[in-house]
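S.K.: First to last, the sequence lines map onto chains A and B. Numbering of the first sequence is given in UniProt numbering, commencing with residue 1 and proceeding in unit increments. Numbering of the second sequence is given in UniProt numbering, commencing with residue 1 and proceeding in unit increments.
For the record, the hints were derived by calculation from the structure and aren't laboratory data. Every clue listed holds true.
One-sided excerpt, in silico: chain A residues whose CB lies under 8 Å from chain B: (1) L174; (2) A183; (3) P237; (4) T245; (5) I263.
All C-beta atoms, glycine included, are put in the ideal place defined by N, C-alpha and C.
The lines below spell out each chain.
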Amino acid sequence: MSVLVWVEHDNASVKDATLAAVTAAGKLGEVVALVAGQGAQGAADAAAKIAGVSKVLLADDAAYGHALAENVAPLIAELMSGYDAFVAPATTTGKNIAPRVAALLDVMQVSEVLSVESADTFTRPIYAGNAIATVKSSDAKKVLTIRGTAFDKAAAEGGSASVETISGKGDTGLSSFVGAEIAKSERPELTSAKIIVSGGRALGSGEQFHALIDPLADKLGAAVGASRAAVDAGYAPNDYQVGQTGKIVAPEVYIAVGISGAIQHLAGMKDSKVIIAINKDEDAPIFQVADVGLVGDLFKIVPELTEKL
Amino acid sequence: MKVLVPVKRVLDYNVKPRVKADGTGVDLANVKMSMNPFDEIAVEEAIRLKEKGVATEIVVVSIGEQKAQETLRTALAMGADRAILIVSEDKVEPLGVAKLLAKVAEAEQPGLVILGKQAIDDDNNQTGQMLGALLGWGQGTFASKVEVAGDSVDVTREVDGGLETVKLKTPAIVTTDLRLNEPRYASLPNIMKAKSKPLEQKTPADYGVDVTPRLTTVKVEEPAKRQAGVKVADVDELVGKLKTLGVVA
Ligand SMILES: Cc1cc2nc3c(=O)[nH]c(=O)nc-3n(C[C@H](O)[C@H](O)[C@H](O)COP(=O)(O)OP(=O)(O)OC[C@H]3O[C@@H](n4cnc5c(N)ncnc54)[C@H](O)[C@@H]3O)c2cc1C
Chain A
1 MSVLVWVEHD NASVKDATLA AVTAAGKLGE VVALVAGQGA QGAADAAAKI AGVSKVLLAD
61 DAAYGHALAE NVAPLIAELM SGYDAFVAPA TTTGKNIAPR VAALLDVMQV SEVLSVESAD
121 TFTRPIYAGN AIATVKSSDA KKVLTIRGTA FDKAAAEGGS ASVETISGKG DTGLSSFVGA
181 EIAKSERPEL TSAKIIVSGG RALGSGEQFH ALIDPLADKL GAAVGASRAA VDAGYAPNDY
241 QVGQTGKIVA PEVYIAVGIS GAIQHLAGMK DSKVIIAINK DEDAPIFQVA DVGLVGDLFK
301 IVPELTEKL
Chain B
1 MKVLVPVKRV LDYNVKPRVK ADGTGVDLAN VKMSMNPFDE IAVEEAIRLK EKGVATEIVV
61 VSIGEQKAQE TLRTALAMGA DRAILIVSED KVEPLGVAKL LAKVAEAEQP GLVILGKQAI
121 DDDNNQTGQM LGALLGWGQG TFASKVEVAG DSVDVTREVD GGLETVKLKT PAIVTTDLRL
181 NEPRYASLPN IMKAKSKPLE QKTPADYGVD VTPRLTTVKV EEPAKRQAGV KVADVDELVG
241 KLKTLGVVA
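For reference, chain A alone in the conformation it holds in the complex (with noise of 0.2 Å):
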């Protein structure tokens, strides 16, 4: 079988996402890495080097420089005519652009794979990840989007494929870009961090999250996340919201600070490998998910913990 990835990239390096996706990939056949994007020469070379890539396919082209789903959809399926499964990492990215290669080779995704048990056989979360379901596709080829944190990385190094120049047709005039507010953070990114502090509604306003949250995880070397609640509130940005609509992290430690536990958010942290909640009420559902639990005011708390570490 052979399988094209999507590589998630900023054009000049690739995304840890695309890792994960190719260790995915690898498990149904040769890999061949796609890379679209414009003037991303520094991406192609950097998947070129990724362990199990055999080759790298380049297409540069100022249509697929924003990774517009309009542009590159048709230009992947085109390329499926000569590949047996397209993979993407289930980034933002993935999911915008995935279904429409989907439905443009009437072929019904498989969202979110956890594992590959056979040729044609996944398992997914469904019901904010309350269930797991194990499914067969009847289509000829496969298009699977793939959880980051239910793969192991595949090495970024150590691999040695060739990079071909490919062109498709470009743009389609449908859509174009207009403008990003990308947030630079010095903190490790949500989804490749290791520790992780995260905080709820109870953090009461912007201030205090910034101002209880933010030296924790500094203290830790940890990455900021947020509850829908906080976000909504404007207490931390979109991209901070880990659960079942927003990211989805496995990390060795999740803090999760005045957080009840919802289901939706517990959809997004509930596979780290310890978590750690702070909570005033202690029958929060948080703690039945907690290895260590402590309750108590999250205003006396994590002062002293961060001082304390």
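We have chain A; now place chain B with the ligand onto it with these hints.
M.R.: Same frame as chain A, but now just chain B with the ligand:
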């Protein structure tokens, strides 16, 4: 401009899903069902566009069992104008749903189709993008802001790194994220009024669409349970735990 809003009837988000003992799925007997929360946001956005004078008519459509009529009535009570129910007692996958919606869109000629980004039962996050492909329209997925201007629409999207704005030629597809708006509750008089709004019934065969599933569910299981943990008494004990876990030196 007409706006088309597909809505799905799903297990209410406050209900804890229970896997059936025979492993065939999640138990939906005698549990509260509601409109998918993201679809409520889609209906609300369409209503706001109508209130601004951008949208002229809101058509809601559901593909599902007869009981999905309730979901459509809810959307009508919120402020949609008319409803279409494409009846299928069997589950229709996103690809089949997208094919049916493409037919509805061809007949209705909306300027926008606003969908929820995902349904909270199957968590697929596919239908809007698939519909975009089938119609050859642009797609603004995971929207937190929608601004229609002339024959284009600017959509601000919630992406992994923050926010991104794209401009789409209309007609176009929008899929909603949580922060696009806060859906209104239907008032009692509007719930009464909704009962007499038109609700048309169709079948997949009426549209000539084959909705045979491509995926078969082999089994559905509960996820691995986490072991219950311990409670510590104070911060010193917590720091001690963090040390044994190797989190801090
Ligand atoms: C369609 C849909 C999708 C959703 N997706 C997500 C998602 O992706 N991610 C997500 O997080 N949520 C999501 N939600 C929302 C979810 O249902 C909850 O509403 C949300 O997670 C609650 O956030 P919270 O725990 O911060 O707030 P709350 O539930 O209000 O909890 C606050 C907690 O803080 C504690 N507390 C209060 N004061 C203190 C104090 N001084 N010291 C210590 N503890 C204190 C309280 O005991 C309480 O447990 C979704 C909901 C829907 C309907």
